[in-house]
Structure formats: structure tokens, C-alpha cells
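*Asks:* Residues per chain, in single letters:
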Amino acid sequence: MNQTPSGFLRRLWELFFAFFKIGLFTFGGGYAMLSIIENEFVEKKGWMSEQEMMDMIAIAESTPGPVAINSATYVGFHNGGFWGALCATLGCVLPSFVIIFIISLFLEPFMRITLVAKAFHGIRAAVAVLILNAARKLRKSVKLDFAAVLLIVGVAVLELGGVFFGFELSSIVLILAGAAVGIVLYGLLGKGKEEQR
Amino acid sequence: MILWELFFTFFKIGLFTFGGGYAMIPLVLENVVNNGWMDSQKFYSLIGICESTPGPIAVNMATFIGSEQAGFWGSVCATAGVVLPSFLVILVIAALFRNFSKKFYVQSAFRGMRPVIFALIGCTGLLLAFENAFSSFPTLASPADPWAVDWFLLVVTPVLFLAERGYQAWRKKKLSSVLLIVIGALCGMLFG
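Chains as they are written, first to last, in the working numbering: chain R, 1 to 197; chain P, 1001 to 1192.
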């Protein structure tokens, strides 16, 4: 990318500011953010092509971390290298950081107000539903072959059994085990290879 | 030192959160609630708040928990911790790999991880729903007290669940999470 120093700095600022706006106005998860990114960077600014956008989505979904942050890092990197990635990511994180930090200072006393406590009581019900829905949504992308069912049942038994019998189980270990099973079963042994895209 | 603990804990959490912010919830539950940084009631309220505010739920939760544990620098450490793994991984991948996501072994690993993450989130949801209604999940150490039923939650949780499903079937689109939380809050204020 041939740019003058001041042009480069301006681009960094643009990245920061664009993702600051995106971070500020994205409610309810990174997927809402993706269409905003498309609007802003593909259509308006023309910094990315549709194809690059799709690559970004694929990568953002295949790496750890929230899709929103991953997208910011990716777009930032492709438009400004390391510093671009840093500015974009910082921009994305900053608005919610400030808002949540402020909320954290006032939440305790706020929750002691009876009406607020009642509201949060109701929110607990909503949160249970949201988590179950998140699980439901995820299930749609799980191909229920024998191995998948075995993994699901295995994890469920271990988790619920862990709670009942009082033993701790590391989710991280389970996730790694899943990845290992995936690599061995689908990768090395090529099970279900005909289903590959 | 608490700042380092926060950073390290959330770095671990950030490193293994695949497939969206909700995948983080079982990890946070395990690393934060189970080591006494927060009680589970507050944790679930926190999810509600983080879902209703801008920004990814994962980052918001880190910021909040960090702030509670160690003020401003706590929230900085926790937030930096949760963001750093994905930041670094993406830089490496974007710089070095073409078509990373299409690589066969990456896809294979994900095919294995998805059922696990699904089960983890599903169990968390079921446990929460159960805990909500009956105050605790029966354990060998303390079998459930049959009279500790929270009628409000026992009724409202399935009602909300069905209402959301009904809405989705009727309007062909999802009820926004923020709206669901607001409805829950209203129910709480009216009937709680």
C-alpha cells in the first residue's frame, strides 16, 4: 500500500472512527454488525470487495473470539497492516468498554431498588430463553451423524453429571477434545468426506 | 496479583470461545463463578445487561467482571485479555494463510467442536432454567428442597420461550434479544 505518512495516519483514524461508530451502534451481536460493515466498507468506502467480505466472514467465524472483534481486526489489517488492525479493534471495543465500565460502577446500588430487582428477576427468565435459543441456533449447523450425537450426549452427561456429583470439568478440555475428534474422524479418517463443500 | 489473574483468565476464555459470544458463557461460568468471583444470580443478570448494551457480549462481560474485581485497571486487563487471543490469531492468519477457513483440517476440527459447544451451551441453558425455577440443581451433596420453587420463574421462563417461538413462527423472523430482555424485565416488574 503506497501511502504518504499523513495519508496513512488519516486511514488509521478512519478505521478507528468507523469501527467506533460500528461498536457503538451494534446491539445484539456481531452478525448484525456484518451487514453494517458491508454497507460501510464495501458499498460506501469501497475498501473491500464482496469476495473479501466473504473471506472475512469465514475467517471471523473460524477463529476464537467474537465475530465483531474479529471482523474489525481483519478489515483493519487489510487496510492498514498491524496498526490498522489495532486502530480498528480499539475503535470497536472502546464504546462498549466505556459504557459497561460506567454501568459497573452504579449497578450495585441500582439493583437494590425494589422495582429494578424485580425487573432483573424477570430478566433471568429471558436470559435462560436466550441461552437455550443460542443452543438451538447452533444445533442447526451441527450435522447429526453418529460421532456428533456421541459427542453431544457425552458432553451433556459429563456436564450434568458433574453438577450432580460435584466434580469439575474443564470446558476447554472438552472443546479441545471435540477438535481432536473432529480432526481424527473427519480429517485423517476422511469420514464424511463426500459432504465437504 | 489480581490484574494478572484477570488478564490470564480472560485470555483463556477468549482463546476458546468459538462460534459466538454465547459460547463464552459456559467458560465464564466455570472460570469466574466457580472460583467465587461472582455468584451465579448476578452472573445471569449480567448476561442480560451485556446483551442489551452495544458491543459483543463477550467483551462486555469481561469489562464488567474486571471492573468489579479490580476497578478500572481490572476492566482494562480483563478486556485486553479477552480480545488479545483473537487479535493475534487473526493477524497471523491474515498475514500467512490464504483460505484458512477452507483448509480441510480446520473444517474438520470445527465439525468436532460444534457438537461440543452446542452441548455446553445447551446444558448451561437447561441448568439455568432449572436453577431459576427450583433455586438449585439437585446434587448428591444436597438433594433439592421440593418446596423451594420460584413460581414466577417456573411459569415465565417457558411462557417466554414459547412466546418467542410463536413470534418466530408467525412473523418469520427472530424476536430481538433486547426486546426479549425488556419483556422479561416488564414481567418481572409487573408480576415478580
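Honestly, the hints are just simulated from the structure, not real lab data. None of the values given here were measured: they were computed from a predicted structure. Every residue, glycine too, gets a C-beta built ideally from N, C-alpha and C. Check the hints yourself; a few may be wrong.
Stretches of chain P that chain R covers, calculated by requiring three or more beta carbons in the stretch to come under 8 Å of a beta carbon on chain R [to be verified]:
#1 1001-1011
#2 1048-1062
#3 1073-1086
#4 1103-1115
#5 1121-1131
#6 1156-1163
Straight-line alpha carbon distances no greater than 20 Å define the calculated SDA-like cross-link-like pairs of lysine to any residue that follow [to be verified]:
#7 R:Lys118 with P:Ile1049
#8 R:Lys137 with P:Ala1169
#9 P:Lys1042 with P:Ala1169
#10 R:Lys137 with P:Val1149
#11 P:Lys1012 with P:Leu1091
#12 R:Lys143 with R:Leu189
With the C-beta cut set under 8 Å, the calculated list includes, among others, these residues of chain R facing chain P [unchecked claim]:
#13 Ile36
#14 Ser62
#15 Leu185
*Asks:* Which numbered hints turn out to be false for this structure?
*Replies:* 1, 9, 10, 13
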